[in-house]
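Now for the letters of each chain:
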Amino acid sequence: MDKYRWAWFHRFGSPPYVYRIAGLWAPWFAWVAGLSMVAGLYGGLWASPPDYQQGDGFRIIYVHVPSAYLSMMCYGVVAAASAIGLIWRMKIAHTVAVAAAPLGASFTFLALITGSLWGRPMWGTYWVWDARLTSELILLFLYLGFIALSRAYEDSRSGDRAGAVLALVGVVNLPIIHYSVVWWSSLHQGSTKFFGNDAEIQTSMLVPLLLMIFGFTFLFAACLAKRVQGELLERERHSAWAAEAVR
Amino acid sequence: MSSLHEFLSMGGYGAYVWPAYGLAAIVIVINIALPLRRLRRLQADIRRRAGAAP
Amino acid sequence: MMPAMFFVLVTTLFPLGLSPQPELLRTIAPGVVWVAALLAGLIGQESLFKSDYEDGCLEQLVLSAMPLPLIAATRVASHWIVTGLPVMILAPLMGLLMDYPTQAMGSLVLSVALGTLTLSLLGAVAAALTVGLRQGSMLMPILVLPLAVPVLIFGAEAAARAARGEDAAGALYLLAAMLVLGITLAPFAIAAAVRVSLES
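Protein chains in written order, with the numbering used here: chain A, 1 to 247; chain B, 1 to 54; chain C, 1 to 200.
Honestly, the hints are just simulated from the structure, not real lab data. A virtual CB, placed ideally from N, CA and C, is assigned to each residue, including glycine. It is possible that some hints are incorrect.
[Said to hold, decoys possible] Derived Cβ-Cβ restraints for the label pairs, each shown as a range:
(1) C:55 x A:126: 48 to 56 Å
(2) C:62 x A:175: 51 to 59 Å
(3) C:78 x B:45: 46 to 54 Å
(4) C:54 x B:29: 26 to 34 Å
Whenever a hint applies, use it, and build me the whole structure from the sequences.
Structural data, given as structure tokens:
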């Protein structure tokens with residue numbers, strides 16, 4: 001009965017199936033995201049006390065940390081989807097990767113700007129070459145490279161595969177890049193860590209933060225679902241299932 | 001947080017906190033709006049094509 | 001030839017753009033030599049697959065009986081001899097121009113050697129991915145440079161430590177480890193990339 005065990009997986013290889021369930025799940029993801037973020041924002045902006053060191057300026061973490069987390073998680077999604085696409089030759093997987101990348105890039109961009117805004121009142125400059133921000137910057141370049149490469153091919157199938165190879169090379173490199181940047185940062189900045197006070201996070205800060213991370217993740221899932229639907233329609237616009245699905 | 005004024009000024013950091021949240025809101029709205037718009041455009045396009053050549 | 005000339009030119013730009021003061025040059029020498037070597041490596045990568053792609057030799061290589069990753073590895077190695085090796089040889093000279101201490105030259109050369117080899121491997125992946133594209137030559141550096149950051153960080157630090165008289169072994173070992181990782185994995189990525197480029 002092995003082949004029935006994998007049936008659920010292979011069902012995902014069918015574009016009309018994925019189109020349908022993406023459309024079904026997206027609203028639910030959106031609602032979970034919305035509720036979670038409202039709760040998180042209430043807890044983070046209104047109900048929790050100011051930080052004894054950073055005053056109210058620390059409240060930026062409620063958007064900065066979720067963005068940074070999502071920027072990395074999304075790259076994981078791109079890499080995993082790319083691997084699945086290359087190994088099992090599933091076009092859908094490549095479609096997911098291509099759909100996810102711009103989302104990841106936008107979150108990386110957001111993480112960079114919010115990180116910069118957070119740093120400005122604390123450190124006096126709009127940019128600090130600390131380990132996390134520098135890593136995020138390089139991550140942004142990795143995303144942009146993936147997007148540029150996959151779009152540069154005229155044949156989207158080849159573009160997908162090229163991007164997938166690049167994404168896998170990137171994901172292997174990512175821990176190395178991160179480690180090297182952390183090492184480099186520690187050499188040149190001594191022991192001053194910019195965002196290093198995670199250990200001292202209190203419950204009143206932690207709960208809203210987790211709610212925001214949770215909310216951002218489901219928001220990402222909802223947006224990804226819609227993007228995948230769009231990609232599928234775009235690529236299969238002449239097919240019978242597409243005409244049927246949009247009726 | 002006791003008053004709206006305190007809320008808006010964010011202990012003096014308002015000029016940094018609110019742009020950060022504003023940008024986050026913009027990024028989120030764009031990430032929602034663009035895919036929805038594209039989807040609607042494609043759906044209309046396919047419907048038109050299916051209608052023209054059944 | 002061209003990568004070597006580019007290497008020399010870029011290095012000389014820095015004193016011209018900043019200041020020729022020996023104290024400044026000594027501080028920035030490891031970083032400058034390394035960035036110049038990196039950029040020179042990029043220039044070299046253009047020629048790796050382009051001519052083979054255009055005259056059909058690349059397809060012949062893919063169709064041949066030998067495993068493509070092996071062919072890729074040997075191509076990169078022979079390509080490095082023409083592009084990376086001259087840079088490695090010229091590196092001490094550029095170091096002298098920037099008042100890099102002579103007793104640390106060994107470490108500088110070693111770091112540049114290890115680094116340019118790794119960069120050749122990384123660059124080859126990007127070159128293979130972009131060889132069929134019209135704007136490929138502009139896209140290739142954008143793909144490689146983020147991946148090259150760790151090599152730059154450890155290489156420049158190795159050279160800097162040697163210049164300060166400190167022990168550069170740790171950084172050099174890390175460079176060597178990245179090279180080994182590259183030798184193991186890059187040929188497969190290059191082979192996959194070549195196949196994707198040819199099929200479109």
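Run through the hints listed earlier and report the numbers of any the structure violates, in increasing order.
Those not satisfied are hints 2 and 4.
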